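Enquirer: Work the whole structure out from these sequences, hints included.
There are 2 protein chains.
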Amino acid sequence: MIILDGKKIAQDIRNELKADIDNLKFLGKGIPGLVAILVGDNPASEIYVRNKAKACEEIGMRAKTEKHPADMKEEDLLRLIESYNNNKQYHGILVQLPLPKHIDEDKVIEAISPQKDVDGFHPISVGNLVIGKPAFRSCTPAGIQELLIRYKIETKGKHLVVLGRSNIVGKPIANIMLQKKEFANSIVTICHSAAPDVSYYTKQADILVAAMGSPKFVKGNMVKEGVVVIDVGINRIEDSTASKGYRLVGDVDFDEVSKQASYISPVPGGVGPMTIAMLLKNTYEGFIKYGR
Amino acid sequence: MIILDGKKIAQDIRNELKADIDNLKFLGKGIPGLVAILVGDNPASEIYVRNKAKACEEIGMRAKTEKHPADMKEEDLLRLIESYNNNKQYHGILVQLPLPKHIDEDKVIEAISPQKDVDGFHPISVGNLVIGKPAFRSCTPAGIQELLIRYKIETKGKHLVVLGRSNIVGKPIANIMLQKKEFANSIVTICHSAAPDVSYYTKQADILVAAMGSPKFVKGNMVKEGVVVIDVGINRIEDSTASKGYRLVGDVDFDEVSKQASYISPVPGGVGPMTIAMLLKNTYEGFIKYGR
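Chains as they are written, first to last, in numbering that gives the first Met the number 0: chain A, 0 to 291; chain B, 0 to 291.
Keep in mind that the hints were calculated from the coordinates and are not lab data.
For clarity, every value in this text was computed on a predicted model and none was experimentally measured.
Hints are not guaranteed to be accurate.
Copies of one chain are not kept apart here, so a pair can be met inside one copy or by any two copies together.
Unchecked claim - List of simulated lysine to any residue pairs, SDA-like, C-alpha gap at most 25 Å:
no., residue 1, residue 2
1, Lys-202, Glu-224
2, Lys-106, Lys-179
3, Lys-215, Asp-252
4, Lys-100, Glu-45
5, Lys-155, Tyr-199
6, Lys-24, Arg-235
7, Lys-179, Ser-165
Expert: Structure follows, in structure tokens:
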């Protein structure tokens, strides 16, 4: 059994990007930039945004955080986004979700130029991904595919079973992996809460992507010998022995399933670190494609 | 075994739309309109466009065909589309594909206002469909779902297997049927040419959508007893006994599979007629939603 070491792969990607950006600097070609827009005082969001900015700076990317009060008007936010759509210093625009309730998230996401939509949440990015045209792919599914690529896991003709149908993981990873493209070309099943027996599907998986947000849901007897397991879940469970009073577990019962698996991603340290790495990569690619 | 009579259901839909449009006229609220744009002299395209225009007129909808020579400039086509985007008489714009090679189809499709994209091919329509937001759904998958609805076929929690991953049928029907919505909520598998053994998947199907364009591909021993079969294939095969020298068959071997099926759509007379009916319905709904 091999651990899919997202932490290591993410670091590799960051190192590669750093080298690329050093090279851009050396050649005087400018550098990519990411702006993160934060509205309100959600402490978790603040941590996420800080980590993203830090990750940018570490690889020599321009990073800016736009922090605004919770009562920011929707029209002001839309105007702010528009100004960054036209700002040549920034090639990625990220609006940290959730937004305060008086702001229409869909409207905000659609205001971001598809050429700077590094989160890949704009409907036009989603649509282009589905029909196989170039598009920013949302960072978590992009990170999942990248993990499979880096570990040279065969995907062509394999049965890839996705648990969960969220817009940010389940649906996009399914639509990425069914494409007739290299590192994809899988037979894809999307399974979810309506299934009378989830294990009927999980047992068939050559590759299992667990992304339904249910702690330790996938047990050892629900998978077949040799399965490749990607655990996207991040669930807090109480743990009085931990200093914070909780610990993080995935959607997969790691102790049980790892005995059956050929490859498995841990939580934490699997898909999580890949997500930020792919955000950086999207921003870099946006710069290369549209930035000059 | 019950035949899914697309011809009859399509006629029901047309009758309903005609009644709705008669009512609009009676109330003096205007009528929906569809413009079809045809570039070049493809005889098949001319027939399609003529049939669509005729179907519009039969239900009292405004119909116009814009026929242009094969050497029409791309920029002139884009300008024509823009003029219809701003024309309040027309609520649906259809560009008949394929276009001559010097014209970029993607660019043309993206030029159509998403509010008039009754074919549902614009990436933003595809994206909104995937993320579960209101959007025009392309006509063939919409027609498939409508057939299931009209025959009151349970879809929730059922295993729906799609053969084929085209942008106009396979991908959209999969993305429609996996939504957590009424008349959907299925567990969806998308199977395609990379599968080492297609029958492994087809045998599992509670509902099978065959859309890979391979004549009589699905045989009786590839499905289970009681399966619901939707045959989207339209293939010409030679037939010296037919007056035209050929006849149309689906992707399903009807004689064999109908013995196993609980419901099955024939070819012709199944999904085919539904496609035009859904085009009319999309145009009507575009008028109701955006037209006034």
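Enquirer: Work down the list of hints and note, for each, if the structure agrees.
Expert: For each hint, the structure was consulted:
1. Taking identical chains as interchangeable, the C-alpha atoms of Lys-202 and Glu-224 lie at most 25 Å apart whether they share a chain (9 Å) or sit on different chains (23 Å).
2. For the homomeric pair Lys-106 and Lys-179, the shortest alpha-carbon distance between copies (22 Å) is at most 25 Å, but the shortest distance inside one copy (32 Å) is not.
3. Taking the shortest Cα distances, Lys-215 and Asp-252 sit within 25 Å of each other inside one copy (4 Å), while across copies they are farther apart (44 Å).
4. Proximity of Lys-100 and Glu-45 under a CA criterion of 25 Å is satisfied intra-copy only: 18 Å inside one chain copy versus 51 Å between copies.
5. Taking the closest pair of Cα atoms, Lys-155 and Tyr-199 come within 25 Å of each other both inside a single copy (22 Å) and across two copies (16 Å).
6. In this assembly of identical chains, the alpha carbons of Lys-24 and Arg-235 never lie at most 25 Å apart, being 42 Å within a copy and 59 Å across copies at closest.
7. Taking CA atoms no more than 25 Å apart as the test, Lys-179 paired with Ser-165 passes in both settings, with 22 Å inside one copy and 10 Å between copies.
Checked against the numbered hints given earlier, this structure breaks only hint 6.
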